[in-house]
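Q: Dock chain W with the ligands against the given chain V, drawing on the hints supplied.
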Amino acid sequence: MTRQMTGAKMVVQALIDQGVEVVFGYPGGAVLPIYDEIFQQNHIKHVLVRHEQGAVHAAEGYARSTGKPGVALVTSGPGATNAVTGLTDALMDSIPLVVLTGQVPTFMIGSDAFQEADTVGITRPCTKHNWLVKDTDKLAPTLHEAFHIATSGRPGPVLIDIPKDIQFANGTYADKAKRRSHYSPQVKGDIETIQELARAMETAKRPIFYTGGGVINSGPGASQLLRELVEATGFPITSTLMGLGCYPASGDKWLGMLGMHGTYEANLAMHDCDLMINVGARFDDRITGRVDAFSPKSKKAHIDIDASSINKVIRVDMPILGDVAHVLEDLLKVWKANGRKTDKDGLSKWWKKIEGWRAEDCLGFEQTGPVIRPQHAISRLEALTKDHDRYITTEVGQHQMWAAQYMGFEAPNRWMTSGGLGTMGYGVPASIGVQMAHPDALVINVAGEASWMMNMQEMGTAMQYRLPVKQFILNNERLGMVRQWQELLHGERYSSSWSEALPDFVKLAEAFGAKGIKVDDAADLDEAIAEMIAYDGPVILDCLVEKHENCFPMIPSGKGHNEMLLANAKTQGAITATGAVLV
Amino acid sequence: MAALKIKKGATSHSAYDLRSHFSDVIERHTLAVIVENEPGVLARVIGLFSGRGYNIESLTVAEIDHEGHRSRITIVTSGTPQVIVQIKAQLGRIVPVHEVHDLTVEGASVERELALLKVRGQGDHRVEALRLADIFRASVVDSTLESFVFEITGTPEKIDAFADLMRPLGLQEVARTGVAALARGEVAHG
Ligand SMILES: Cc1cc2nc3c(=O)[nH]c(=O)nc-3n(C[C@H](O)[C@H](O)[C@H](O)COP(=O)(O)OP(=O)(O)OC[C@H]3O[C@@H](n4cnc5c(N)ncnc54)[C@H](O)[C@@H]3O)c2cc1C
Ligand SMILES: Cc1ncc(C[n+]2csc(CCOP(=O)(O)OP(=O)(O)O)c2C)c(N)n1
Chain V
1 MTRQMTGAKM
11 VVQALIDQGV
21 EVVFGYPGGA
31 VLPIYDEIFQ
41 QNHIKHVLVR
51 HEQGAVHAAE
61 GYARSTGKPG
71 VALVTSGPGA
81 TNAVTGLTDA
91 LMDSIPLVVL
101 TGQVPTFMIG
111 SDAFQEADTV
121 GITRPCTKHN
131 WLVKDTDKLA
141 PTLHEAFHIA
151 TSGRPGPVLI
161 DIPKDIQFAN
171 GTYADKAKRR
181 SHYSPQVKGD
191 IETIQELARA
201 METAKRPIFY
211 TGGGVINSGP
221 GASQLLRELV
231 EATGFPITST
241 LMGLGCYPAS
251 GDKWLGMLGM
261 HGTYEANLAM
271 HDCDLMINVG
281 ARFDDRITGR
291 VDAFSPKSKK
301 AHIDIDASSI
311 NKVIRVDMPI
321 LGDVAHVLED
331 LLKVWKANGR
341 KTDKDGLSKW
351 WKKIEGWRAE
361 DCLGFEQTGP
371 VIRPQHAISR
381 LEALTKDHDR
391 YITTEVGQHQ
401 MWAAQYMGFE
411 APNRWMTSGG
421 LGTMGYGVPA
431 SIGVQMAHPD
441 ALVINVAGEA
451 SWMMNMQEMG
461 TAMQYRLPVK
471 QFILNNERLG
481 MVRQWQELLH
491 GERYSSSWSE
501 ALPDFVKLAE
511 AFGAKGIKVD
521 DAADLDEAIA
531 EMIAYDGPVI
541 LDCLVEKHEN
551 CFPMIPSGKG
561 HNEMLLANAK
571 TQGAITATGA
581 VLV
Chain W
1 MAALKIKKGA
11 TSHSAYDLRS
21 HFSDVIERHT
31 LAVIVENEPG
41 VLARVIGLFS
51 GRGYNIESLT
61 VAEIDHEGHR
71 SRITIVTSGT
81 PQVIVQIKAQ
91 LGRIVPVHEV
101 HDLTVEGASV
111 ERELALLKVR
121 GQGDHRVEAL
131 RLADIFRASV
141 VDSTLESFVF
151 EITGTPEKID
161 AFADLMRPLG
171 LQEVARTGVA
181 ALARGEVAHG
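These protein sequences, in sequence, are chains V and W. Counting from 1, one number per residue, gives the positions in the first sequence under the numbering used here. Counting from 1, one number per residue, gives the positions in the second sequence under the numbering used here.
With the rest of the complex left out, here is chain V:
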């Protein structure tokens, strides 16, 4: 069926046809026709954010917590440029987004018109794909194609720039089914390599699963298959920051997160393994440390849907191009058909070794006295919220790492964090996006005070839409992660890493109409957290913590996994000159 309608109406119609329920956005001259159409319908809910960066991060939070694409709508010029950080964030973390921008009318493009920016030019490197639509008849197919591209293969953000005259003009609406695209990434892995991997699993003495965000991207089915494979083989498993929840933290094969701030046991197991099975992770520099010291004794398999992730950083022996769920299904089949063999003897020795590393208790800490240690704050938050229907977002910094270390994730899509770009200001809007998708869930943003202030205007959005997001601020009055590096690397010269002139967060909460709670004594912590959970509405909990705490374990830049720092005492001269140039 073809129908005539305006471009603006097509936008709304296509969103409806794609099953979109929520759009995060901010209006302006170049998108007014679309806003007018949104006003005249009841299918799609529009959430008015307070800054376009917030719209994109909220869409990311929505997407990551549902597995569906997030949608944002912003105006031309400044609206589009404000969206750039969110787009880059989503590209780095493989989050499916469809971002719609208004553009000056086609006949004014190139004339430096009011609020004109070369949006497709600016966003070309920070989107998976983008389009400028100059013909109303092409609008609907482009919209449908956009959803297809954002969500298939390696997910990512796409952007459609829609000039205002195209929104006003009439054209033919094309149905979803009419999409014609050559874009169809390979999902089935090469069966011969899968067989080779299954054979390697049978004889491995020191195997490990190194899993990542690709498992989450692949959907809940992938996590399910992964769990089955781990239980059946008895192999240990670790995950990147982006993969937390793909295997339950309570599972006994779980070694904790790996990488720069990962656990001792996970990193040493990666270093000493003889078979590394990378499932949807990308050998990020936060994981590998010094590449020539990275897991020197292992054969490596890599399951990834993006050919450019394979052999980019680390050479692998068994590259498997495909979707995690598809490949794991085949792998399980093959391995079971071959008799479910593993080297039991080797494995039990391997686990003994791992238990030895675990005994180091690298995350152990002691809470003594009234000053709250951040690790303690997170541990209590975990204890008091883990039985809730809970979603966690974070900002970026030490608090983010402590949340990753001390919270346990039992299921995928419950943990939203900015990993690849490390965007301070992600957490507040992301928590809003998550809460929109899960109105009855307990949504907590674990924040540092500095990051939190980067997008704190979104508290207004939370108030307007009655989104009871909990802002759990670990307030160390420092740009803590920066301070830590300055301590370890720059002779304790704390250049501009103080959060000075901080607001009174309780009053700030009240100014927004939210609830503010402040806690600065360990004895009162549980009560404060309980109060935060119990309150039916947005809360800012200002948790004053030890100001000079460092985040450990830490693998200093430029060092190998086996050169990890475990605690304060051993940090002198930890980072060498060659390491210092790395980030």
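Everything labelled a hint here was simulated from the structure, so no lab data went into it. Hints may contain errors.
Capping the alpha-carbon separation at 25 Å, the derived lysine to any residue pairs in SDA-like fashion look like this [as the list claims (entries may be wrong)]:
| hint | chain 1 | residue 1 | chain 2 | residue 2 |
| --- | --- | --- | --- | --- |
| 1 | V | Lys-353 | V | Asp-252 |
| 2 | V | Lys-205 | V | Lys-352 |
| 3 | V | Lys-547 | V | Glu-366 |
| 4 | V | Lys-138 | W | Asn-37 |
| 5 | V | Lys-507 | V | Glu-531 |
| 6 | V | Lys-138 | W | Pro-96 |
| 7 | V | Lys-312 | W | Val-83 |
| 8 | V | Lys-205 | V | Asp-292 |
| 9 | V | Lys-312 | W | Asp-24 |
| 10 | V | Lys-138 | V | Gly-19 |
| 11 | V | Lys-138 | W | Val-83 |
| 12 | V | Lys-134 | W | Pro-156 |
| 13 | V | Lys-312 | W | Arg-52 |
| 14 | V | Lys-312 | W | Ile-26 |
| 15 | V | Lys-134 | W | His-69 |
| 16 | V | Lys-134 | W | Glu-67 |
| 17 | V | Lys-176 | W | Pro-156 |
| 18 | V | Lys-341 | V | Lys-353 |
| 19 | V | Lys-188 | V | Leu-332 |
| 20 | V | Lys-138 | W | Ile-64 |
| 21 | V | Lys-312 | W | Pro-81 |
| 22 | V | Lys-253 | V | Ala-359 |
| 23 | V | Lys-312 | W | Gly-68 |
| 24 | V | Lys-134 | W | Ala-43 |
| 25 | V | Lys-297 | W | Asp-24 |
| 26 | V | Lys-312 | W | Leu-169 |
| 27 | V | Lys-518 | V | Leu-566 |
| 28 | V | Lys-138 | V | Glu-196 |
| 29 | V | Lys-312 | W | Leu-48 |
| 30 | V | Lys-341 | V | Ala-359 |
| 31 | V | Lys-336 | V | His-326 |
| 32 | W | Lys-118 | W | Pro-156 |
| 33 | V | Lys-134 | W | Asp-24 |
| 34 | V | Lys-138 | V | Met-92 |
| 35 | V | Lys-353 | V | Lys-312 |
| 36 | V | Lys-515 | V | Leu-502 |
| 37 | V | Lys-312 | W | Asn-55 |
Quantities reported herein were computed from a predicted structural model and do not represent experimental measurements.
A: Chain W with the ligands in isolation, oriented as in the chain V frame:
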């Protein structure tokens, strides 16, 4: 993405063994990239090379199938073997890219470039220029009493050689198209 088939068992060594074996040798490769002819596609390809720090020695682009909206981009690039593999994979993930072919490794290929050279001179120089043009099978496409414009087709090396010879004879200006390349034999791309 479908454009690129990763060979299984690309190597049987591990990262550690291979890192030192990671060849530092810079190789020159000619890639044929078949793309959807849509606005911005060239900017995407060029942006990829500049954004990720890859080299472009030559790049040509033209529509090859008007009805099918296909263009062919021929890129001559250089890098270590690992970089070349990355370049191909990165090209393959650009959405409007249909196919990526590495003509340098996929078998024999022919490479040709066209150049126009303006040579100014009198007397012996003029005669010598004409004589050399004849040897190189360059043709005269414009002439005044004091100048020629030669058209020459050949490999980039042949054109380099011709230009070098013309330099002392009064070479003023060169315009080169960049490399166009096809696989030899019956194999067809695009
Ligand atoms: C302050 C700070 C500190 C950090 N410290 C750490 C740390 O200690 N440890 C740590 O792990 N991270 C850390 N990070 C995060 C780090 O920067 C990276 O973001 C993260 O390690 C990347 O995770 P990943 O490898 O799982 O890849 P992702 O970025 O999640 O990429 C997913 C990979 O899977 C592939 N993929 C996607 N979909 C599929 C599919 N359906 N099937 C198959 N493959 C698919 C993609 O192509 C890609 O290669 C830190 C970040 C910050 C900001
Ligand atoms: C937008 C942005 N700017 C700068 C940085 C660099 N940076 C990383 S962590 C950090 C400090 C964060 O401080 P805070 O939010 O208080 O968290 P803490 O580390 O103290 O827990 C900074 C400045 C960043 N990641 N993002």
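Q: List, from low to high, the hint numbers that the structure doesn't satisfy.
A: 11, 12, 17, 23, 26, 27, 28, 30, 33, 34 and 35
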